[in-house]
Amino acid sequence: MVIFNLQNCLLLSLCLFLIGCYGIITRRNLLLFFLSIEILLNGVHISLVAFNYFRWSAVETGHYLYMLSIGVAAAEAAVGLSMLIVLFKNKGGIHVNDISTLKDDNES
Amino acid sequence: MEILALLICSLVFLTMHLVLVQKERIHARLAVAFNFLYAAPAALFSLSAIFFAREYYFSFPELEIWRGFFFRPALYLDAKNAPLIFLMALVLPVAGYWLRASFENAAKSFHIASQVMVFGLTGVFLSDSLILFYFFWETALIGAYFWIGLFGKSQESEAPSRLKGPVGVLTRFFLFTLFGSFAMLVSIAALTAVNGNDMSLALIPVAVQSLSPELRLVSFAGFFTAFAVKMPLFGFHGWLRDTYVGAPPLARVYLSAVMSKMGAYGFFIIVCNAYHSLIAAAAPALQILCVAGVIYGALICLSRERLIDVFIYASLSHLCMIGLGLFSVSGPENGSSALSGTVFQMLNHGLIMTALLSLDARSSGEIYPVRSYPVRRRTAALLLLSILAGVSLPGMSNFAGEILILYAAFLTSPWLAFCASFGLLIGAAAVFRLFHRIFLKAPEEQIVESTKGDDLNLRETALGLFLAAVWIALGFYPMIVIGSIERAIYVFRMIP
Amino acid sequence: MNLEIYLIPAIPAFAAALLSVLPRKTRPAFYSLISSLSVLSSFALTVYFGFRAQKLVPFPEIASTLMPWIETADLAAMLAFRMDSTAFAMCLLVSGMGSLIIVYSAHYLKGDENPGRYFAAITLFAASMLFLVLAENLLLLFIGWEGVGLCSYLLIGHYWKKSGVPLAAFRAFFVNRAGDLFFLLGVFTLFQVLGTVSFTDMPLRENLLANPAVKEKLSFAALLLLGGAFAKSAQIPLHVWLPDAMAGPTPVSALIHAATMVTAGVYLVIRLHWLFLLSAQAESVLLVAALLTFLVGAVLACFQTDIKKILAYSTISNLGLMFLALAARMPAAAFLHLFGHAAFKALLFLGAGAVIIYSHHEQDIRHLKGILKKLPVTRGALWIGAIGGAGFIPYAASGFFSKEMVLHAVRAAQFSIAGENISGETVYWIVYAAEFLSIFYLFRMLGYLEAGRPDSEKESKEHDGTEIKETGWLMPGVLFILSIFSVFFGIISAPGGAGGTGILAGIESGDNIHSQPMELSALIVPSALSSIFAAGIFLLFMKSSSRLILEKLLDFSPGSRGLFARNFYFDDVYGFLILRPLNAAGGLAYRAVEAPVFLETLRAAGYFLKKIGRFFTVFQRGILNEYAFFILIAALLFVIIALFT
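Protein chains in written order, with the numbering used here: chain U, 18 to 125; chain B, 174 to 669; chain H, -11 to 633.
Rather than coming from a laboratory, the hints here were simulated on the basis of the structure.
Honestly, I wouldn't trust all of these hints.
[Claimed, not checked] Looking from chain U toward chain H, a few residues come up when the C-beta cut is under 8 Å (computed):
1) Cys38
2) Ile42
3) Arg45
4) Phe50
5) Val113
6) Ser117
Since we're looking at a predicted model, the values are computed, not measured.
Built from N, CA and C at the ideal position, the CB exists for glycine as well.
All chains should be built: construct the whole structure from the sequences, respecting the hints.
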C-alpha cells in the first residue's frame, strides 16, 4: 500500500520537476519544450498542495495559489501555443534554433 | 481637471498612431495635424495660466487605492511651468510643419516614438510629484532613445570613430542620460525614504531639511548630475554634438528646444528651490563653470564650419547662460527676478533653437539636395532673423531674459557678467561669420534659380514670421510673462 | 498721456514691417513712397509737438509712460518716452533729414535688385533712431541703440554680392556690439548704484553722491558707457568700422554714417553730462580719444583718393571735435556742431552720391576730374558743403559758428589728464592748426572734381554710351533743399541767432553758451587766412602741373604707404591682438579639449562597453535550452547557498 504522506508527495513532486528539467534542457522541439515546462510546473504545484494539506490544513492558501498558478499557466500556454502556430506558419517548423534571430550578428 | 486633457491628448494621439491607423506608414500630414491638435489645448491652458494667473491642479485624492501607498499622483499648471508648455505648443506644430518633408515616408514607429517623447515631456513639466516626475522623465528618454535609435542617420566620422551608425550615437546618448537618471533615482529614493511618502514639489525643501548633511550632499549631487547632463552644462555635454547631428531633424529640434528644458526645469524646480544653502555655498564654482561653458561654446563655434555644429555649440553657450541665471540665486528670499528671467529664457531658447535648427535642416540639403544657398531668400531672411533673436538684439524677447540673468550675475561679480557677455559676443560673431560664409558668398558659379520646394513656401514663411512676431511682442512687453512667473515663483518659494 | 509721442517711431516701424513683407513684384516707387511718407509723418508729428509747445525756449518737457517694460525685484525699466529740447531737435534732424534722404534714394536706387530690403531697412533705421532719441531711460535707449546698429549692418551689406561688402557690414556690427558690451555693463553699474536708469530720475539721486564709494562707481560707469559711445561714434580706438561702412549705398552713408547714427554717442554723453562731470577719468579719456580722433581723422582724410573715404575720415574727425567740446564741458557746443556737421556732411555725401551715380559708379577722385562742370546743381551743393565743412566764411558756412563755439569752449576750458593739468590754450592751438587739414582735404577733393579737362571723359562716355548729366529731379531737388538748409543753418547758428540760443538753451550745460559773446571782428583775420589757404589748395589741385607735384609729395611723404595707408595699423593690431588669438583659441579648444576629451573619450567608452557586452554574449547564443539550463543552475546555486548559510 502506498503510504500517502508528505515525504512521498514531495518525492513525486521532485521526480516531476527533474523530468521537466531534463525535458527543457534536452528537447529542441518547442512543443516538447512546452510540455516539459508544464511537467515542471506540475511538480511545483504538487508540492504546494501537499504542504498545505499536511501542514496547514486549516487555511487553504496553497490550494488558492495552485488555482491561480494553473490559471496563469493555462493562459500562458494559450499564448505560447498560438505563437507556436505562427512560428510554424512562418518558418515551417518549431525548432528552437529557428528563433534565435533577435540577437543581431551583423554588427561589427 | 483641464490639464489632464493635455496628457490625455498626447496619449490619445499615441493610441491613434498605434491602433487606429492600420497602415504601415502614416501620412506625415496626419502627424502634423496631431501636433496642431495637441498645441491647441496646450496653448490655451498655458496662456491662461500666464495671462490670467490661473492655476490648474489635479490629483486623485479621493481614490481609495492611493491611500497608504507612497505614490501620490498630482499634476499642476501655473505660471512657473506654463512657459514650457507654451513652448511645446509652439515648437511641435512649427517644427513639424517645417520639417514635414523629412518624415514624409517615415514608418509608424517614428511617430510612435515621437509621441511617447511628447507624452513624457508634457508629463515632466506638469507633474507635481517627485515620483511622477521621474516616471515621465524616463518615458521621455525612452521615446528619444527609440526615436534616435531607429531613425538616426549614420555619422560621417570626424575622428577615427570606432562606432559607426546610429547605434553608436545612441549608446553615447543612452550612457550619459542613464547615468544621470540613476543618480537622480538614488536622490529621489533618499528623499522619499526620509519623507515616508511621495511628495509635492513644493515640499521637497522640507524633506531636504530633514536629511542628514551627507545624504543632503549626495542627493544634491544626484539631482545635479541628472539635470546637468540633460541640459547639458559645460563638462556634461559629451553626448550633445554626436546625438544632435545623428538624430533625425525633428528629433533634434525636440531634443534641443524642449528636452534640454527638462534639465533646466529640474534645476529650477527642485535644485534651486530645495538646495539653496548648497547652491549658495557652491555658487562661485558653479557660476564659473557656467561662464566657462559660455566662453567655451563660443570658442568651439569659431572653429566649426557647419551651420549645425555652430548652432549646437551656440546652444551650449546659451544653456550655460541659463545655468548662470539659475546659480546666481543665493537664497530663498531673493533672486526671484533672476529665476523668472531664467524661465523666460528657457522659453526663448526653445523658440529660437526651433527656428534655427528647423531652418538649417530645411535648407542644408539634409532634406532636399543642396543647390545653392543664395537663392533661398526667405530661408536666409528668416534664418537671419532667428540669429538676430539668438544674439539677443534688444527689442527681441531673448534680450529681456538675458539682461535679467546678466544683471543677477553682475550683482555677484561684474567680472562674471563681463566674461559671460564677452563669450556671447564671440558666439554671436561666429554664428554671423558662418552665416555670411554660407549665405552671402558672392555667387561666382551661376546661381541655379530656386525650384519649388527649395525655399520656404508662403505658409512656412508665415509660420516663421509668426515666431518672429512672438519674439518681438515678448521683447517689448516681456512683463506679461516675466511678471506672472515672478509672482508664481515668489509664492512657490514661500510655501515651506 | 501724450500717446502721440509713441507714433513718432511707431509709424516708420510699422512701415518697415510692411515694406519687408511686400511681395517682390511691387513697384520700386511704391516702396520709396511708403518709406518717405512714414518718415515724413514722423517729421510732421515732431513739428506738431513743436507748435503745441508754443515756445521753444525753454522747451516744455513732454513725458509719457506707457507701461512697465522690465520690472522685476532686481531690475526695472519703464517703456516711457520723453521729449525735451535735445530730443526735439534730434527728432527734427532725424526725421527731416531722413525723409529727404529717402526721397533722394528713390532715384539713387533706380534699377536696384532689391529696393524693398533697402527701404525697409532705412525706414526701420529712422524708427530706431527716433526711438533712441526719445527713450526715457538707458535700457530703453539700448533698443534704439542696437536697432540703428542692426539697420546700419543691413544697409552697409546692401550690395552683398560685391566682395568685401559683407565683411564691412560684419565689422560695423560687431565693433558696435563690442562697445555695447561695455555700455550694458555701464547701465548695470548705474542701476546698481542709483536704483534707476531713467534720465529724469538719475540726476535726482544726488544725495547718494556724498558717499565716495558711490562716486567712484559712478565714475566707473561713465567710463564703461564711453565704450558704447566710442563704438557708435567711431572714436579711437573703435573707429575702424566707419571707413569700411562706406561700402553701403551713398544715401546711407549720408544719413547713417554722417548725420545721425554716428552722433548717437555724442547724444548719449550730452544726455548724461551730469554723470561725466563727476568723473575725472572719463573726462580725461574723453579728451585724449577726442583729440586723437580729430587729428587722425583729419590726417587720414588727406591721403584718401576714394571720394567717400575722404568724407568718412572727415566725419571721424568732426566727431572727434564734438567729443572735444564735451571734454571741455560744453555740451551745447557739441550739440550745435552736431547739427552743423549734419547739415554740411549730408550735403557733401549726397553731392558725392550724385557724382557717383552720374559717373556710373566711379569713386576715385583721380578719375573724376572736371566732372562737376556737367553737374550744375551738384556743383553748387558740393561747394556749399565744402565751405560749410571747412568753415571759414561766417554765416555762409554751416560749420562756422559751431566750430568757433567748440574752439571757444576748448580755449576757455581747463583740462587735466591723470592729474596733469593741460591748459585749454594748448589744445586750442593744436585744434586750430589741424583745422587747416580739413580745409586741405575738402578743397583737394573739389580741386580734382573741378580740374580743367576731364581726362577720363572718353572712358566715361564709353560707359553705356550715355553722357554724364543730371537726370531726374529728385536728386537735384534734394540737393537744392539741403543746400538752402545748410546756408540757413550757418545764419541761425550765429550768436544771437535762433539756432544758437534757441535749440540749445534747454541743454543743462551749467554755464551759458553765450556768456562770453564772441568778438566777430576778431574772427576776420583767421577767416581771411583760411580763405586764402583754401583758395590756394583748390587752385593747386585744379592745375594739372601743380597737382602732379602735390600727388608725388603726398605719395612720398613719410608714412603715406604704411602708417596712413593702413589706418595707423589699427586693423592689424586688432587682428593680431584679438582676432587671431581668438581664432587660434577656438581651434585649440576644439582640437585639444572638445574632440579628445568630450567626443572621443565618450566614443571610446561606448565602444569598450559594447566590447564587454559582446564578450558576455557567449552565454547567450539564442538557444532556448541553454538559457533554461543557466536558469536551473542559478536556481540550484541559490538553493545551495540558502541551505549552507
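How the hints compare with the structure:
Interface hint status for Cys38 of chain U: upheld, as the beta-carbon distance to the closest one in chain H is roughly 6 Å, under 8 Å. This hint holds: Ile42 of chain U has a C-beta 5 Å from the nearest C-beta of chain H, less than the 8 Å allowed. Of the supplied interface hints, the one on Arg45 of chain U holds, with its beta-carbon coming within about 7 Å of a beta-carbon of chain H, less than 8 Å. Against a cut-off of 8 Å between C-beta atoms, the interface hint on Phe50 of chain U holds, since the closest Cβ of chain H lies about 7 Å away.
Taking 8 Å as the C-beta contact cut-off toward chain H, the hint placing Val113 of chain U at the interface holds, the least distance being around 5 Å. Because the beta carbon of Ser117 of chain U sits about 3 Å from the nearest beta carbon in chain H, less than 8 Å, this interface hint is met.
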